[in-house]
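**Student:** Please build the complete structure, drawing on both the sequences and the hints.
Quick note on numbering: my numbering labels position 302 of the sequence shown as 329, and the sequence is numbered without any gaps.
Hints were generated in silico from the structure; no laboratory data involved. Check the hints yourself; a few may be wrong.
Unchecked claim - Cross-link-like lysine-lysine pairs, in silico, BS3-like; alpha carbons within 27 angstroms at most:
hint, residue 1, residue 2
1, K264, K204
2, K146, K128
3, K55, K68
What the hints assert, rightly or not - Each pair of labels, with its calculated beta carbon distance range:
hint, residue 1, residue 2, range
4, D534, I38, 32 to 42 angstroms
5, A178, S125, 23 to 33 angstroms
6, L52, K128, 31 to 41 angstroms
7, R80, D323, 30 to 40 angstroms
8, H371, S267, 33 to 43 angstroms
9, L97, I38, 40 to 50 angstroms
10, C58, T378, 48 to 58 angstroms
11, N195, I48, 32 to 42 angstroms
12, L46, T110, 14 to 24 angstroms
13, R89, I48, 16 to 26 angstroms
14, T175, I48, 33 to 43 angstroms
15, N195, T378, 47 to 57 angstroms
16, S176, T57, 49 to 59 angstroms
Predicted model, so just to flag it, every value in this text is computed and none were measured. Even for Gly, the Cβ is constructed at its ideal location relative to N, Cα and C.
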Amino acid sequence: MANMYDLPNEILLIFISLLDISDILSLKQTCTLAQAAIQDKSVWTSLLEEQQRQIPFVASLREPHSPYILGLDASVLQSEVLTARRIDRLWLGTRRRSPTKFQPSGNVHLIGLNVFLDKWLLAVYSEGMHLWDLDLNLCGVFPGFRRTSLALSKSGFSSYTAVLDGPNARILIVIKKHSFISPFVTLLYEIPLASPDFHLVCSIGSNPLYSPRHIDPVHNTVLSSHACSVELLDWTKSGSPPVVISTEGENLEEMYTAIHDVRLFGPYMIVFKTRSIELHPLPSDLRCGPSAIEHDLPILKHKFSKTFRGYVISEFSDNKLSDVLTLDFLALDVIHGLFHYTVHITIAVPTLEVNLTGLNSLSNLIYRQSAMKPFVLQDVDSKHTPFYVQESSVFESSPVFPPEAWATLEDKAGGFISAYCMGPQAMRAVWMERSRGSMLREIVLARLRRPGEIQDQGEIMNIEAGVVHEERSYDLRDDYTHCALAEATGRIVLGNRAGDLFLLGVDN
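**Tutor:** Laid out in structure tokens, this is it:
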């Protein structure tokens, strides 16, 4: 340590930037020279950039060299980095406090929950909608602060979807009443984040059979689905009929599948079905960017051996200049459990690669990753023909053990998951689990592994998870049926069957 005083400040900063945060904090207490060097902003900017590969951060801190971060004081940046590290260390720890109940809203039939920017909580009921600010607590008793509410004049709304429109700093919501009586059963609302309030953008005369799946603010499009068809409606073109794309194949099994979610990327529509993920080309007039190629594109499919009842998909930016996309999703099979997949899509040579990244098994089966080559289309000029790819990322047997031995490989009682969610950065997840025949409800938190962390394709890829809170109740109204996650701050919002909301944070 005596030679440290002789080092130039630039060399000392390089040395400090190579240390772990715990080592930096220890070094800070050794001498005044080290303490002064550690206060340099470049040290914490470097640590922020390094930790972003492992820890989720709020949206304003995800670009280390953005004007916002460059304008922050070094002490503020240091506090943000240390807070994120503390939350990550406590994430899987047992919560000493029970979830805190929100102020009653007066609504009963909860449809869903969303958290945007780790700050805004949107609670959608069949009778109305509420927006909470999780960073404010003016009452001192209830968590959060209800900024605005909207009572719907017509009850009976049963489905919705909501997204964050980042460039325009607003939240977009489509809520639908499935009725054959009213001509306007689909409503599009926006909430400007600068002055939060519900504003009706338009009323849409939509087919009551279709359920809203996603809002694409880049293309001003509402995506809905029914059976194996997807409806694309541009809300800026008043009076224009929607574009309907059929995704039904020649296989008769398609009659027993359903579409759970839809996304747009380049010239493709990504369709998440009960037993497959598929890429379907958009009509030529809906394509944009460098991927708006003129020739016919193939249909790409990846089939699953499981039956998924729902998906939670990570966020991704619709960069019109990019022909490559990587996204994560969490899918639920009610019998076998939760599956975490990573998807790689390329457009130049149409490619769909789906890899199993992790799982939480509810059954006594053990799953292993098998060697899988991505599906690559060699002839991009081929005609509009479906391509089927058999599921190869999961298999349920091994030549080492007889089939009847699987039940003894894991000592895990059967159960079910009543609600689950994943953060937009696909680094953390939450689900509510209950064993059959038990009134014990468990809140389970998980740290999702990144694809690069998998060393062996044959290893058992259990999701790193732990029970952080338990509750017992014989009242079925206390069952948590919805949840939402503020991924960076570690706050979890829970909604039960009675329509009540609760907040579970990280212990101090």
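**Student:** Evaluate each hint against the coordinates.
**Tutor:** How the hints compare with the structure:
1. K264 x K204: holds (22 angstroms)
2. K146 x K128: Holds - the C-alpha atoms of K128 and K146 are around 17 angstroms apart, at most 27 angstroms.
3. K55 x K68: holds (14 angstroms)
4. D534 x I38: 32 to 42 angstroms: holds (40 angstroms)
5. A178 x S125: 23 to 33 angstroms: holds (30 angstroms)
6. L52 x K128: 31 to 41 angstroms: The hinted range 31 to 41 angstroms holds for L52 and K128, with Cβ atoms some 37 angstroms apart.
7. R80 x D323: 30 to 40 angstroms: holds (39 angstroms)
8. H371 x S267: 33 to 43 angstroms: Check passed, 34 angstroms falls within 33 to 43 angstroms.
9. L97 x I38: 40 to 50 angstroms: Given a distance of about 24 angstroms, which is not inside 40 to 50 angstroms, the answer is violated.
10. C58 x T378: 48 to 58 angstroms: At roughly 54 angstroms between Cβ atoms, T378 and C58 fall inside 48 to 58 angstroms, so the hint holds.
11. N195 x I48: 32 to 42 angstroms: Since the Cβ atoms of N195 and I48 sit about 36 angstroms apart, the hinted range of 32 to 42 angstroms holds.
12. L46 x T110: 14 to 24 angstroms: holds (19 angstroms)
13. R89 x I48: 16 to 26 angstroms: holds (19 angstroms)
14. T175 x I48: 33 to 43 angstroms: holds (39 angstroms)
15. N195 x T378: 47 to 57 angstroms: The hint (47 to 57 angstroms, Cβ to Cβ) is violated, given that N195 and T378 are roughly 32 angstroms apart.
16. S176 x T57: 49 to 59 angstroms: holds (54 angstroms)
Checked against the numbered hints given earlier, the structure breaks hints 9, 15 and satisfies all the rest.
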